[in-house]
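Visitor: Listed below, chain by chain, are the residues.
Protein chains: 4
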Amino acid sequence: MSRRVCVVVTSRPSYSRIRSALQSIQAHGDLDLYLVVAASALLDRFGSVVRYVEEDGFEIASQVYSVLEGGNPLTMTKTAGIGLVEMATVLDQLRPDVTVVIADRFEIISTAVASSYMNIPLAHVQGGEVTGSIDEKVRHSVTKLANLHLVSTQKAAERVVRMGEDAATVHVTGCPSIDIAREMLESPELDVGLFEEYGGVGPRFDLSDGYLVVLQHPVTTEFDQSRVHVLETLEAVHKVGLPTLWFWPNVDAGTDATSDGIRSFRELRQPDNLHFFKNLRPDDFLRVALGSRAIVGNSSVAIRECSYLGVPAVNIGSRQDGRERGANVVDVGYDRDEIVEATLRQMARGRYPRDELYGDGRAGARIADVLASAHLTVEKKLAY
Amino acid sequence: MSRRVCVVVTSRPSYSRIRSALQSIQAHGDLDLYLVVAASALLDRFGSVVRYVEEDGFEIASQVYSVLEGGNPLTMTKTAGIGLVEMATVLDQLRPDVTVVIADRFEIISTAVASSYMNIPLAHVQGGEVTGSIDEKVRHSVTKLANLHLVSTQKAAERVVRMGEDAATVHVTGCPSIDIAREMLESPELDVGLFEEYGGVGPRFDLSDGYLVVLQHPVTTEFDQSRVHVLETLEAVHKVGLPTLWFWPNVDAGTDATSDGIRSFRELRQPDNLHFFKNLRPDDFLRVALGSRAIVGNSSVAIRECSYLGVPAVNIGSRQDGRERGANVVDVGYDRDEIVEATLRQMARGRYPRDELYGDGRAGARIADVLASAHLTVEKKLAY
Amino acid sequence: MSRRVCVVVTSRPSYSRIRSALQSIQAHGDLDLYLVVAASALLDRFGSVVRYVEEDGFEIASQVYSVLEGGNPLTMTKTAGIGLVEMATVLDQLRPDVTVVIADRFEIISTAVASSYMNIPLAHVQGGEVTGSIDEKVRHSVTKLANLHLVSTQKAAERVVRMGEDAATVHVTGCPSIDIAREMLESPELDVGLFEEYGGVGPRFDLSDGYLVVLQHPVTTEFDQSRVHVLETLEAVHKVGLPTLWFWPNVDAGTDATSDGIRSFRELRQPDNLHFFKNLRPDDFLRVALGSRAIVGNSSVAIRECSYLGVPAVNIGSRQDGRERGANVVDVGYDRDEIVEATLRQMARGRYPRDELYGDGRAGARIADVLASAHLTVEKKLAY
Amino acid sequence: MSRRVCVVVTSRPSYSRIRSALQSIQAHGDLDLYLVVAASALLDRFGSVVRYVEEDGFEIASQVYSVLEGGNPLTMTKTAGIGLVEMATVLDQLRPDVTVVIADRFEIISTAVASSYMNIPLAHVQGGEVTGSIDEKVRHSVTKLANLHLVSTQKAAERVVRMGEDAATVHVTGCPSIDIAREMLESPELDVGLFEEYGGVGPRFDLSDGYLVVLQHPVTTEFDQSRVHVLETLEAVHKVGLPTLWFWPNVDAGTDATSDGIRSFRELRQPDNLHFFKNLRPDDFLRVALGSRAIVGNSSVAIRECSYLGVPAVNIGSRQDGRERGANVVDVGYDRDEIVEATLRQMARGRYPRDELYGDGRAGARIADVLASAHLTVEKKLAY
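Protein sequences appear in the order of chains H, B, F and R. Mapping of the first sequence onto the numbering used here: position 131 corresponds to residue 131, and the numbering continues sequentially without gaps. Mapping of the second sequence onto the numbering used here: position 10 corresponds to residue 10, and the numbering continues sequentially without gaps. Mapping of the third sequence onto the numbering used here: position 93 corresponds to residue 93, and the numbering continues sequentially without gaps. Mapping of the fourth sequence onto the numbering used here: position 153 corresponds to residue 153, and the numbering continues sequentially without gaps.
These aren't lab readings, by the way, just hints derived from the structure by calculation. Wrong hints could be hidden among the right ones.
20 Å max Cα-Cα, derived SDA-like pairs, lysine to any residue [unchecked claim]:
| # | chain 1 | residue 1 | chain 2 | residue 2 |
| --- | --- | --- | --- | --- |
| 1 | R | K381 | F | E324 |
| 2 | R | K239 | R | Y198 |
| 3 | F | K381 | R | S318 |
| 4 | B | K278 | F | F265 |
| 5 | R | K278 | H | K155 |
| 6 | H | K381 | B | G164 |
| 7 | F | K278 | B | G164 |
| 8 | B | K381 | H | S259 |
| 9 | F | K381 | R | E324 |
| 10 | F | K278 | B | S259 |
| 11 | B | K239 | H | K155 |
| 12 | H | K381 | B | S318 |
| 13 | F | K278 | F | R266 |
| 14 | F | K239 | F | N273 |
| 15 | R | K155 | F | R266 |
| 16 | H | K381 | B | G333 |
| 17 | R | K239 | R | D335 |
| 18 | H | K155 | B | G164 |
Could you build all of it, start to finish, from the sequences and the hints given here?
Guide: So this is what it looks like as structure tokens:
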């Protein structure tokens, strides 16, 4: 009998990251896929994935609305609580053989706790990494709830084992986000007009002479400063002057501060080199990144996918602290001058060689194989 | 300015355990205590602690009802979610400098996640231990959310550090439950009539010729078997025939199975040597345990406090697997014959010498001192 | 295409009352039944209906746990809120053509609001009656949310219309609880041993020389007095001395006060003429009532079914104030002497003639017919 | 001792409407005001009232986040459920002598049910009116929960009594929204630059040659059509060509459809006569309305305040069906041609004479007086 695999996607980037694994699970003869779309992944404001899921040919087993609006730590916490109440219902109805959660966003704790408390084995993709902020707590906390660990790098695997997990439950699959990068390279040109297809807000400019990509998330433990931080980046890319494609951040405490910063900057400075997008198809986003002179901000994409693609990256602030990185990344503080200087230097440097630190682009298939063959149990005990 | 310390108690045994620390926090010149009573700690059915809290002279800062009735994994999970939503409100109102959670019951994840997501430093008492069942996941998961670790034993401290916590944040205080045992020994006789004071259900017998104490919790990952397990213990103590004081278990998935088991046994066998209690004051419970010929079941009291007190213990099943134990404990399976045999052997053996494995009885004061002096931060990162 | 009818049952008495309508809906060629069991109807403590539902051959479309434990107005209110959140999910999944709620217990507001807000036509059974306590507010409030009114009496129909409802949406079906009474009369003898089948707590006595039936609910707007009230009744039936079958009340604020009152009375007085039951099959309960010398308490059964059956009833306190009643009912206050006196008088009076005030026993079929044929819409507007 | 009055505001328009009553309550010697700001009234996206509350000199007793993001009937329903759970906590903490809810938005059911179930007398402002859509159900349903009715018109009072409420509990105070209109007329000129003060999106034009005001809410029982409806209005005011100030709608199922309609119209047509605002201070909004050639849309402001102010109004669609109206209102369907024609006609007609149908502008003081002097009870019973 096929194993029932419930994969819970809570945000646009998570969907992007796990898509190749979803395809492999769906195609696997011994697995039945139950895809749950939850939290900000359902909301237009943060880039609903529903359309992409359908285009990609997946069926949605359940939609879970859990985002309590407010954009502050109180509502973020209650969102996790509502998500926990709701995921209990979903898991009770789907009764999967294993639940899969991805990475480290705050909403995944809801699924991880629900699966654990309902005695359903939990698989965690992308554990064992080290970063800054609340993500760090969430990620390792989920590791201690998980029964199966599908990690991106050898070093991540070592950390998970050192945390006391049974080595037999830890599998280095590579990061599935690299899979999309690998596939994308087979047709690296956008086959649609970027502005025509994706709209967005701001001037539409000629991208043929080079452009920047920016993706900056609020950092939740520095809630009050999100507005200040984003303004430094806005000033910096304004000063660099190159056409810039700015991608809207996800839901998080601080989102509203970030959004407000962006809005007030637009009002005040009326920048003519910034265009804002809410959401792109994952492969198109990578095409855009690949074509850019540099990617700026604090997204993990700049470190993971862009190391494989060789795109120069300027990583700002503490959000990615501790994450393993390749040669393509330059780190700077929340300082407009530092950002300008690093961006110009990276633009001058040009493309880097491919780095397979985060995988060879075949993680999805490996994840499916492990889910199909691993011993599944809810029992675990500290290894020491 | 005094530090605001929010201690969240979610069950009768947790209150019992933390009481000496509450006293030390309340008495400490640099600390203000905010005691939150939540979940089953508010419910008569599981032994409300409200009366004891008042008798002990603590003020309750907030009462949090979170138990969704049903006694199964689904409602247990939703209880955790409701608790998370509610604790967000409480922490938003109290705005403590540090939140304290105790041990490893499933409800504590609500407070641990709420405190983490609201950027309030989290202190965890009794981390680093190893047991069976869902408690194991909860305990270590909370360790990964916590910023301060107040552990019972040297070995627990080592485990917490091995899991990647900064050694500077780990403090061996001993277990505060031992504090009550130490204090109790100053007046080890009950100064009330047990039956007169605590009522309960069943015959009232003369305890002067020896009696047993039983405390058996359902084991949540073995949900369906709770009823079977408790029946084995019931049959065993019925067969031993000694007057037996049986203490009602806590809320948990499986509670109703346990309760039903007990009820149907009473109907069927009409045992004349069993008396059932819902709740005793913590010190009185230890007096009763101290006076017993043996303590039977799967409670941690048998392992912690009773090692200090030297009470012979028969530990049944997997619930305490992995917990460090002294010489006073004999382990058996869920088997009436094994239980009978071990109980008779322990009764014959008599009192054991004091073992300070779980502390010297001064943990409360140490916990207060650490809370007053430790560097408090929400930032943390895996140590490797 | 058949209409999808979602009937939500939130308590044992509601199930009992609606059973004949469920049978008629299930048997109706143009209707598909979706039965949702929610709130206290799922809980053993208040008499789970799950077993009876299965025995009666209905499938449960969804189980909704919503009771937040605590037994006070705060948890009662939160229970309604949790129920609303959960019923939204259920109705979103079932997408019925019409939702049916029964009577006036506080939990039904959850379903009524959910159905209204999700644009699903709402049918209300047993609106338009007048009683005391919070039920009064709930009942009429639900009337103002409902699109279809299936009432028990002509007078109830008149009241619903006077409240501004379109007369075309109001149907006098009779009360479906009378249907069970009518059916029961075809075989009015218990075909099981009462004590053997239903257990319960207390002495088992010979019922052939006459007995009383007691069913007393807490009255929520008189929360603090529930304990006092139940003690008056306990003292009264103790004094009357006849064997008495006491049926446990439903969940409600005050339940625990009622339960505690009962428990302490048992401890203190050790009554030898009281036997306590949690739940009987509806028809068996009516058989027991039919065989009794009188029914005592504040249940609507004493007024509805017992008027049809002619069982003498002693109605205590304010809970049934304003409800239409037949000759079989004597009203008394919360006073042991009054209760004793009225009970003795009713016992002496003996059986009353049948009264069809609440219907002729064919309400279920009429309800099903209306659900199948009525114009269903969510639109409504005050008629004046 | 002063009565504790808890007023719950759940939206920008509600705040605007109740402000004069808040002032009178705060100034009243026998009343203590506890202002709760909840639901969309806290959210920037729908016009947070927090800043205005502070500017007006009120203290916020509690902030209640309850909006589950999603903009559809499912999330709207869950929002009501979350609000109910949260309001229970708030009322338990504030323990007011009376709770006040305003009008008929879907979120007020949460407060109305919470207050009823917690045995706190409920006062309802603006009951007894008749409109279209879900508001109709909410309003009358709240009437049946309320103990005190503070209505706007004589006709509303009659309706409340006909619905079965005790006439002694019904008070015609006039609508407090008229109070702001009356006060505003003392200084009817904006003393700030509209665009400078309130920003907004779109061209800034000279208003001295006349302009339109538009305020159009989604109609929840016509969820799917919200986008179509708003497009008709957009086309119409585009065609009229006069500078138009468009005010963003409130949170509701359909909001996102409305917002999307607006956004896509702006992208496609790039209208040069539309400026969009999120929120104005209530008095400034009325100044803007007063200065307009006509107010267009489906807001109750066009019917209430504008009848007093004599501003010509074009009321679109079913949302205000049944609401009493003065001579200033012309009703049209969701049809661009009808809207254009009616708007031009109203522009040509010019200002109407004052109509005191909705009050004389002294409702706030009357409301405070009734709250201070009325007999407060939770008991009620249908009057017939």
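Visitor: Against each hint, give a clear statement of whether it holds in the structure.
Guide: Here is what the structure says about each hint:
Between the alpha carbons of R/K381 and F/E324 the distance comes to roughly 14 Å, so the proposed pair stays at or under 20 Å and holds. As the CA atoms of R/K239 and R/Y198 are separated by approximately 25 Å, the hinted pair breaks the 20 Å bound. With a C-alpha separation of about 12 Å, the suggested pair F/K381 and R/S318 falls inside the 20 Å cut-off, and the hint holds. Using a Cα cut-off of 20 Å, the hinted pair B/K278 and F/F265 holds, with the two alpha carbons roughly 18 Å apart.
Of the pairs offered as hints, the one joining R/K278 and H/K155 is violated, with about 50 Å between alpha carbons and a cut-off of 20 Å exceeded. Only pairs whose Cα atoms come within 20 Å are accepted, and H/K381 paired with B/G164 is accepted, the gap being roughly 16 Å. For the hint linking F/K278 to B/G164, the alpha-carbon distance of about 53 Å lies beyond 20 Å, and the restraint is violated. Using a Cα cut-off of 20 Å, the hinted pair B/K381 and H/S259 is violated, with the two alpha carbons roughly 28 Å apart.
The suggested pairing of F/K381 with R/E324 holds, with an alpha-carbon distance near 14 Å, which does not exceed 20 Å. About 15 Å separates the Cα atoms of F/K278 and B/S259, which keeps this hinted pair within 20 Å; it holds. For a cut-off of 20 Å, the pair hint linking B/K239 to H/K155 is broken: about 56 Å separates their Cα positions. About 12 Å separates the Cα atoms of H/K381 and B/S318, which keeps this hinted pair within 20 Å; it holds.
Among the hinted pairs, F/K278 with F/R266 is consistent with the structure: their alpha-carbon atoms are about 16 Å apart, no more than 20 Å. The suggested pairing of F/K239 with F/N273 holds, with an alpha-carbon distance near 10 Å, which does not exceed 20 Å. A C-alpha spacing of about 57 Å is found between R/K155 and F/R266, which places the hinted pair above 20 Å, so the restraint is violated. This hinted pair checks out: H/K381 and B/G333 have alpha carbons roughly 19 Å apart, not beyond 20 Å.
Between R/K239 and R/D335, the direct Cα distance comes to roughly 13 Å. Compliance with the 20 Å bound is thereby established for this hinted pair. Straight-line distance between C-alpha atoms of H/K155 and B/G164 comes to about 14 Å, which keeps the hinted pair within the 20 Å bound.
This entry does not satisfy hints 2, 5, 7, 8, 11, 15, going by the numbered hints stated previously.
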